[in-house]
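Which chain is which? The protein sequence lines are A and B, in order.
Using numbering that gives the first Met the number 0, read the first sequence as starting at 0 and increasing by one per residue.
Using numbering that gives the first Met the number 0, read the second sequence as starting at 0 and increasing by one per residue.
Quick caveat, the hints were computed from the structure, so don't treat them as lab data.
Wrong hints could be hidden among the right ones.
[To be verified] No farther apart than 27 Å at their CA atoms in a straight line, the calculated lysine-lysine pairs in the BS3-like style are these: (1) A:K358 to B:K39; (2) A:K193 to A:K236; (3) A:K7 to B:K8; (4) A:K14 to B:K144; (5) B:K200 to A:K82; (6) B:K200 to A:K7; (7) A:K359 to B:K39; (8) B:K80 to A:K330; (9) A:K330 to B:K39; (10) B:K178 to A:K14; (11) A:K204 to A:K132; (12) B:K144 to A:K7; (13) A:K14 to B:K200; (14) A:K486 to A:K400; (15) A:K100 to A:K183; (16) B:K184 to A:K82; (17) A:K7 to B:K184; (18) B:K202 to A:K14; (19) A:K14 to B:K8; (20) A:K132 to A:K211; (21) A:K193 to A:K204; (22) B:K178 to B:K139; (23) A:K293 to B:K80; (24) A:K356 to A:K395; (25) A:K28 to A:K183; (26) B:K8 to A:K27.
[Claimed, not checked] To list a few chain A residues with every Cβ distance to chain B over 12 Å, as calculated: (27) K132; (28) D325; (29) D546.
[As the list claims (entries may be wrong)] Pair by pair, the computed Cβ-Cβ distance ranges are: (30) A:N484 to B:M0: 52 to 60 Å; (31) A:D344 to B:N42: 22 to 30 Å; (32) B:P34 to A:R592: 42 to 50 Å.
Cβ atoms here follow ideal geometry from the backbone N, Cα and C, with glycine treated the same way.
These are the residues of each chain, in order.
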Amino acid sequence: MRIDIPQKILLEVEKPARYIGNEMNMVKKNPEDVDIRFAYCFPDVYEVGMSHIGSTILYHFLNEREDTYCERVYSPWHDMEEKMRENNIPMYALETYTPIKEFDFLGFTLQYEMSYTNILNILDLGGIPKYSKDRTEEDPLVIAGGPCAYNPEPLAPFVDFFYIGEGEVLYYEILDLYKAIRSKGGSKEDFLEKVLQFEGVYVPKFYDVQYKENGEIESFTPNHPDAKEKIKKVHVKDVDNSYYPTNPIMPLIQVVHDRAVIELFRGCIRGCRFCQAGMIYRPVRQKDPKKLAKLADDILGNTGYEEVSLISLSSSDYTDLNEITDHLFDKHCDVNLSLPSLRVDEFSLDLMDRLSKGKKSSLTFAPEAGTQRLRDVINKNISEDDILSGVALAFKGGWDKVKLYFMMGLPTETMEDISGIKDLAYSIVDQYFGVPKEERARNLKVTVSTSFFVPKPFTPFQWFPQNTYDEFMAKQALLNSEIRNRKIQYNCHDAKLSALEGIVARGDRRVADVIYHAWKNGSKFDGWSDHFVYDKWVKAFEECNIDGDFYHTRERSYDEILPWDFINIGVTKAFLWKEFEKAINEEVTPNCREKCSNCGVSKIDKGACYEKEN
Amino acid sequence: MRKRIKFNKHGQLKYIGHLDLQRLLHRALRKAEIPVEYSKGFNPHPITSFAQPLSLGFISEAEYMDMTLTDNYDNQHLIDKMNTILPEGLRFIDAIDLADKAPKAMAIVEAARYTITLDQDIDKEEIQAFMNQEEILVEKMTKKKRLKTIDIKPGIYELIYKDSTTLEVFCSAGSSNVKPQLIVKALYDFIDLIFDEHLLKFKRHDLYLKREDQFIPLIDA
Ligand code: SF4
Chain A
0 MRIDIPQKIL LEVEKPARYI GNEMNMVKKN PEDVDIRFAY CFPDVYEVGM
50 SHIGSTILYH FLNEREDTYC ERVYSPWHDM EEKMRENNIP MYALETYTPI
100 KEFDFLGFTL QYEMSYTNIL NILDLGGIPK YSKDRTEEDP LVIAGGPCAY
150 NPEPLAPFVD FFYIGEGEVL YYEILDLYKA IRSKGGSKED FLEKVLQFEG
200 VYVPKFYDVQ YKENGEIESF TPNHPDAKEK IKKVHVKDVD NSYYPTNPIM
250 PLIQVVHDRA VIELFRGCIR GCRFCQAGMI YRPVRQKDPK KLAKLADDIL
300 GNTGYEEVSL ISLSSSDYTD LNEITDHLFD KHCDVNLSLP SLRVDEFSLD
350 LMDRLSKGKK SSLTFAPEAG TQRLRDVINK NISEDDILSG VALAFKGGWD
400 KVKLYFMMGL PTETMEDISG IKDLAYSIVD QYFGVPKEER ARNLKVTVST
450 SFFVPKPFTP FQWFPQNTYD EFMAKQALLN SEIRNRKIQY NCHDAKLSAL
500 EGIVARGDRR VADVIYHAWK NGSKFDGWSD HFVYDKWVKA FEECNIDGDF
550 YHTRERSYDE ILPWDFINIG VTKAFLWKEF EKAINEEVTP NCREKCSNCG
600 VSKIDKGACY EKEN
Chain B
0 MRKRIKFNKH GQLKYIGHLD LQRLLHRALR KAEIPVEYSK GFNPHPITSF
50 AQPLSLGFIS EAEYMDMTLT DNYDNQHLID KMNTILPEGL RFIDAIDLAD
100 KAPKAMAIVE AARYTITLDQ DIDKEEIQAF MNQEEILVEK MTKKKRLKTI
150 DIKPGIYELI YKDSTTLEVF CSAGSSNVKP QLIVKALYDF IDLIFDEHLL
200 KFKRHDLYLK REDQFIPLID A
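Please take these sequences and the hints and turn them into a complete structure.
Put into structure tokens, the structure is as follows:
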């Protein structure tokens with residue numbers, strides 16, 4: 000069935016091109032010719048989803064298979080949803096306008112917790128029961144992957160199975176299995192039992208959870224003979240020869256990141272203690288600069304993009320940065336190059352100068368904490384000297400805009416650390432006025448942005464209580480009153496949103512019902528602070544009789560069974576705990592290239608400290 | 000070397016606006032490696048100019064884009080190459096070489112022809128009566144966001160009744176542009192019908208310049 004959307008609807012909604020597909024490089028297949036129909040769902044608006052590189056990779060990767068047609072689904076914006084509901088238009092996929100109910104798989108990518116209500120909304124708009132147990136053979140299999148899948152529990156009752164790890168590894172095998180079972184007339188149930196054979200696959204219904212009276216988990220046990228005790232993440236070992244699309248879709252409208260994107264490496268050597276990505280994507284896997292250069296040539300040739308971005312968790316750590324940037328400057332001199340997350344030093348300032356072709360954009364620093372003591376706690380190895388010498392160089396080089404990112408509510412934080420944020424910003428202003436007038440640009444602007452720390456699973460801070468709303472507000476108020484310099488602008492985040500994110504991030508299965516009720520109460524697009532309504536969630540917690548503080552402001556003990564403990568990311572719990580203790584003692588841990596700290600990942604693969612060996 | 004391209008815009012592509020169309024064409028030109036002249040500066044982009052932006056929701060048989068190439072390039076080759084790249088709904092149809100000093104498409108366009116599919120039936124007589132009016136007054140928003148009453152009758156060269164739901168209009172375009180939506184709105188007001196622009200379908204047939212009292216399609220310049 001092909002959905003027809005009346006012109007009147009499309010002309011009345013904002014940005015109708017969100018809903019029409021048909022972009023340059025969109026994959027076209029005849030649905031009649033394929034065995035498997037896969038709807039890749041990004042539970043946010045089109046412009047956000049289209050900017051996500053992981054989605055681009057998986058979309059083209061799945062479409063490499065002749066027997067599979069992977070199509071795209073994004074959350075309709077409020078105006079479109081209203082019209083879809085009014086006119087009984089079911090949620091459909093962009094390539095063929097087929098209702099999502101007709102697909103074999105709906106694959107959701109979980110990029111941030113606050114998109115979970117959008118998942119329920121997509122299912123609802125597709126006429127698909129939200130809870131797995133209510134779905135029949137007629138409904139698609141609902142699967143989920145991505146960074147938030149590392150704590151799958153808050154979505155456990157809605158999802159048939161989770162994929163823990165990087166998509167390129169196992170999806171083909173899973174689809175082969177599905178095809179084999181379907182061709183023999185097997186049911187979804189048969190498939191779910193057989194899929195248990197794979198690493199990285201978690202089928203929630205084959206596990207039971209028991210709780211203690213105090214609310215903690217008593218036990219978490221498989222209830223099916225083939226269900227594994229521990230789910231091991233899967234990851235790409237050979238990043239140079241793994242799939243990477245050279246013909247990405249070019250959106251018809253401007254999206255958040257509207258450019259060619261190339262990944263420098265996966266993982267990170269740094270080991271910042273708040274950073275989940277740094278732990279779950281270990282070990283660091285660098286790509287060969289020659290391969291990247293070839294990729295860039297191909298992608299730019301196939302798309303016509305006027306900009307290419309080299310991404311990673313920390314670009315300065317790419318050991319061949321010179322080589323790849325030189326290639327791009329030489330060969331694609333008319334193309335703009337962007338390199339997010341660079342550290343600021345002499346080398347990178349020179350690079351930035353070339354990148355921006357003389358136009359000075361703003362410099363970005365993420366000290367995360369205002370004092371060296373607290374930066375040691377979080378293992379953010381950037382010192383005040385690094386920052387001040389960086390800005391001094393930059394001011395002399397003609398830059399005059401500096402952006403600083405901090406978190407509030409970090410473990411062991413005191414009000415002195417908060418004042419430290421102000422002090423650092425003031426020192427930067429002093430640096431600027433220390434540069435002779437003739438040498439510096441004219442308009443200093445320092446922007447200080449603070450967000451609230453959300454402890455995440457699989458980080459050394461996973462046991463740590465999150466600050467209460469009142470604590471957050473007190474810190475924000477203090478900083479607000481202390482910053483009294485007209486050169487400094489202070490921006491802050493929504494504390495309620497961060498608190499809720501904290502609850503869901505470390506939630507267990509019981510939180511699923513809260514998400515469901517929040518959705519029922521009308522929550523969606525919660526990650527968009529102007530659409531987030533805290534009260535809808537407060538009501539949901541009441542309706543489910545669940546205490547948010549249990550997940551949010553409670554300190555966990557080492558012995559407690561955490562909801563995500565059954566997942567093995569390679570990094571051991573013992574290592575994370577050791578890092579937690581070192582944090583409390585303000586001890587830093589060297590990065591993986593300086594010294595291996597035995598995080599455990601070397602048991603599943605070689606890490607950065609082994610790079611020299613190959 | 001200057002060229003004028005004629006292309007069409009169909010299907011779902013009617014839902015993208017002028018700026019998005021421009022960006023899409025620029026990227027397609029780059030992908031096709033057409034040697035277009037680029038602007039200088041921080042964000043170089045192909046220098047192109049369009050005859051007259053098409054309203055969102057319209058389809059068109061004839062849109063026009065002028066551009067300058069830095070090298071010789073065969074017109075048919077250019078058309079074929081671009082058509083392998085452009086998404087469904089956009090096709091290059093024709094290309095001509097322009098004299099160096101030829102005025103831009105934007106500067107010479109004087110008239111446009113549209114087919115309009117209505118959402119309600121009308122009679123031939125009603126059209127006649129409508130066109131027999133001394134003047135056809137409509138309210139138009141000025142650039143300064145003020146309502147102004149203007150007479151669009153001199154700008155409607157022809158209003159042809161095709162069948163009860165199909166009209167063809169030949170009207171002034173360019174500097175004294177008369178939007179076909181305005182004409183239908185005036186007509187609906189005249190015969191007392193409820194007007195909803197989004198229920199109508201518009202198709203642009205061609206854009207014309209005027210030479211010795213003759214209207215000539217821009218591609219025949
Ligand atoms: S095993 Fe060592 S080098 Fe590898 S990720 Fe862990 S700490 Fe880093």
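We went through each hint and held it up to the structure:
| no. | hint | result |
| --- | --- | --- |
| 1 | A:K358 to B:K39 | 14 Å, holds |
| 2 | A:K193 to A:K236 | 25 Å, holds |
| 3 | A:K7 to B:K8 | 19 Å, holds |
| 4 | A:K14 to B:K144 | 23 Å, holds |
| 5 | B:K200 to A:K82 | 20 Å, holds |
| 6 | B:K200 to A:K7 | 10 Å, holds |
| 7 | A:K359 to B:K39 | 17 Å, holds |
| 8 | B:K80 to A:K330 | 23 Å, holds |
| 9 | A:K330 to B:K39 | 18 Å, holds |
| 10 | B:K178 to A:K14 | 22 Å, holds |
| 11 | A:K204 to A:K132 | 9 Å, holds |
| 12 | B:K144 to A:K7 | 25 Å, holds |
| 13 | A:K14 to B:K200 | 19 Å, holds |
| 14 | A:K486 to A:K400 | 10 Å, holds |
| 15 | A:K100 to A:K183 | 22 Å, holds |
| 16 | B:K184 to A:K82 | 25 Å, holds |
| 17 | A:K7 to B:K184 | 16 Å, holds |
| 18 | B:K202 to A:K14 | 21 Å, holds |
| 19 | A:K14 to B:K8 | 18 Å, holds |
| 20 | A:K132 to A:K211 | 25 Å, holds |
| 21 | A:K193 to A:K204 | 14 Å, holds |
| 22 | B:K178 to B:K139 | 10 Å, holds |
| 23 | A:K293 to B:K80 | 23 Å, holds |
| 24 | A:K356 to A:K395 | 17 Å, holds |
| 25 | A:K28 to A:K183 | 25 Å, holds |
| 26 | B:K8 to A:K27 | 20 Å, holds |
| 27 | K132 | 38 Å, holds |
| 28 | D325 | 20 Å, holds |
| 29 | D546 | 47 Å, holds |
| 30 | A:N484 to B:M0: 52 to 60 Å | 57 Å, holds |
| 31 | A:D344 to B:N42: 22 to 30 Å | 27 Å, holds |
| 32 | B:P34 to A:R592: 42 to 50 Å | 46 Å, holds |
The structure meets every hint from the earlier list without exception.
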